[in-house]
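Asker: Spelled out from the first residue to the last, the chains are:
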Amino acid sequence: MYKDFKGNKVYLSTGGLNLVNDKETLCFVHGAGQNHYSFTQQIRYFVSQGYNVVAPDFPGHGFSEGYQTTSIEEDMLWLSELLAFLKIEKATFIGHSQGCLTILELAEKKPELVMGLVFVAGAMSIPVNDFLIDTSINNPEKAYDLMVTWGQDIYGSFSISDWPGHNHLAEGNAVMKMNDPSVLSTDLKSCNLYENGKQAASTININCLAVLAKFDMMTPLKKGLQMVENIKQCDYKILECGHFLPIEQPKELNALIKNYLNSLK
Amino acid sequence: MSEKYKFDTMSLHSGHVPDKETGSRAVPIYQTTSYVFKDTDEAAALYNMEVGGHLYTRISNPTIATLEQRLASLDGGVSCVACSSGMAAMHLVVTAICSSGDHIVASNKMYGANINLLQHTMTRFGIETTFVNPNNLEEIEKAIKPNTKLVFGEVIGNPGLDVMNVPEVAKICKKKNVPLAIDATFNTPYLMKPITYGANIVIHSLTKWIGGHGIAIGGAIINGGNFDWGNKEKFPTISGSHFALNGISFWEEFGPSALTAKIRAEGMYNFGPSLSPNNAFYILQGIETLSLRMKKHIENTKMMLEFLKENEAVSWLRHPDLQDHPDHKIAKKILPLGSGSIIVFGIKGGRDAGKAFIENVKLSSHLANVGDAKTLLIHPGSTTHSHLSSEAMKMSGLTDDLIRLSVGLEDIEDIKIDFEKGFKAAAKILSKRS
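These protein sequences, in sequence, are chains L and C. Each residue of the first sequence is one higher than the one before, starting from -18 at the first, in our numbering. Each residue of the second sequence is one higher than the one before, starting from 174 at the first, in our numbering.
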């Protein structure tokens, strides 16, 4: 659905349904250069499981208008204001990649909003190499190509997918092309600049879940495990896939999130 | 990390890795109508298209999905739906996008059944088509109206062998915000990938070169994922509310794959033109050798063109690789590896000579198909169009001396010898007359 928020048209996927006050809310936070389509196989699944689902396209991403935020701190503020605007007082946040940095920051600065946290292919910091940042500035389409290739494990090369007929490499590219060409470089710079992850992780006092990918080349497994160690109570699971875990192993991810949500009840 | 494999590798591997349970290297044939659900949760998720998977073979099947994923990767599309025939594919595209009151712009030089579908069948359902010269860019642009929902053409027209200037037509379509659907049967992704030239939808008859063996009918729609369906007023079937699935918008939920999601959820569900898993398997076997076969098709076509050019029995010869073909320049640009293996030529002596030729070749098969590994021929004047006068045939873009040749993979010298026999018989008709 579209909302007029802070003077701009903002899109949030709710799985096609209106938000209902008495349901628990799950908020999916996408990664760099992505939009709500990162969670195509999660959004409607969890709507059917009885949750309110909100998966916003951050400003300039997907269908959302507006000036892009340029830091993780700004992402966090924008998200918390959006939730206030939607009258959502508390939610479980599921972040992917850069989205994990955003929800780490939210957990420290706005803990009152947080019911639960799921980090998907996340880490406390996501340094980005200069080559990828330069490419994202000078030749965004090449950068999309690099990211989808690095981001999926070998099954992506063979278009292996549970979705009948889907070619995830091309689809990943098409999703990134939906954004303004400047979006990816701005996101990557935001990731690169963010230094508060370790501090934010250390303040988390609730049970969390981290779902990490064995063959992740964007946020390597080692860095994901460091994040787990820095959070007081963080269960974790490692799936045999690449960085784009929500599309590579959707059913496994959904089952893990579902179990985690049940554990919060 | 994944790899960006090249065409030949993808032809063999895309969509399949050895089966985890059995280690089967070949793609298994899942000859089943339906699939046992793990629990009610999974069943509901599959019915609602919340997650991927299979629930009933009319909608999807693992063997067919392998074929679809292979075709999507070969053509550079985001997703694919395979179906029972090329005509079913075209019907699925039209009905996914258009409703009564909508309008299509289509090439007037397409395969007859394509024209029939648009000119006679779809008009009964309130969908009108304006037919245009596929290479008259001005005419195409002028024909696009506010209610135009689709522009449709063939890379290489059948049987006229006109070559559509796909990159330029795609620019017009983009400017007018109308999707461009291209039938790429005659070129296959080995010779040309329309999506890379800006087309949005690719349609194949898999029965032809892609299968290549003449044993299985099939079709496919490849979605480029490069069209913005967001205008709800213009494309309500894709971006408006769907009648099922909680009234979702395919565009909002599936984005680049919205069109194929719509086709699967409505077209496959409600019309049911499903491919059989066995035919999907046969077609996959064909794809494994697609590039090898296409190279030989093109090589044999070149030699056949030389042979026919020099032959006294031939009155005219048409192929886009020939310099005198009106679309030679565009063919060279978009089909640099060759413009397919169909040759059209005229035989001296008209309709009777054509008939004699056809009846006296033995190795070349006289039948209504193209793109088989075997050389195929048809003489419309004595078969498909025998009921028409010469004048009426001309109006259909055909002449009564026209022979359509689909060059096969045999040793070309044997085909030449076979043709000489046919030409000899045709010459007798000609000499009797003179």
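Treat the hints loosely; a few may be bogus.
[Claimed, not checked] Capping the alpha-carbon separation at 20 Å, the derived lysine to aspartate or glutamate pairs in DMTMM-like fashion look like this: (1) C:211 x L:143; (2) L:-10 x C:215; (3) L:232 x C:215; (4) C:177 x L:122; (5) L:158 x L:55.
[What the hints assert, rightly or not] Pair by pair, the computed Cβ-Cβ distance ranges are: (6) C:206 x L:135: 30 to 36 Å; (7) C:563 x L:143: 55 to 61 Å; (8) L:135 x C:451: 25 to 31 Å; (9) C:401 x L:119: 39 to 45 Å; (10) C:458 x L:70: 56 to 62 Å; (11) L:119 x C:179: 33 to 39 Å; (12) L:174 x C:198: 46 to 52 Å.
FYI, nobody ran anything at the bench for these hints, they're computed from the structure. What you are looking at is a predicted structure, and each value in this text was computed from that prediction instead of being measured. Beta carbons are placed, not taken as given, at the ideal position from N, Cα and C, and that holds for glycine.
Asker: Each hint needs a verdict: does it hold in this structure or not?
Answerer: To see whether the hints hold, each was checked on the structure:
1. C:211 x L:143: With a Cα-Cα distance of about 15 Å, the restraint between residue 211 (chain C) and residue 143 (chain L) holds, given a limit of 20 Å.
2. L:-10 x C:215: 35 Å, violated
3. L:232 x C:215: OK: residue 232 (chain L) and residue 215 (chain C) at ~9 Å, within 20 Å.
4. C:177 x L:122: Status holds; Cα separation ~15 Å.
5. L:158 x L:55: 23 Å, violated
6. C:206 x L:135: 30 to 36 Å: At 32 Å between Cβs, range holds.
7. C:563 x L:143: 55 to 61 Å: For residue 143 (chain L) against residue 563 (chain C), whose Cβ atoms are near 57 Å apart, the range 55 to 61 Å holds.
8. L:135 x C:451: 25 to 31 Å: Given range 25 to 31 Å: holds, Cβ gap about 29 Å.
9. C:401 x L:119: 39 to 45 Å: Violated, since residue 401 (chain C) and residue 119 (chain L) (Cβ atoms, about 25 Å apart) do not stay within the stated range.
10. C:458 x L:70: 56 to 62 Å: Distance hint for residue 458 (chain C), residue 70 (chain L) holds at roughly 59 Å.
11. L:119 x C:179: 33 to 39 Å: 26 Å, violated
12. L:174 x C:198: 46 to 52 Å: 48 Å Cβ-Cβ, so the 46 to 52 Å window holds.
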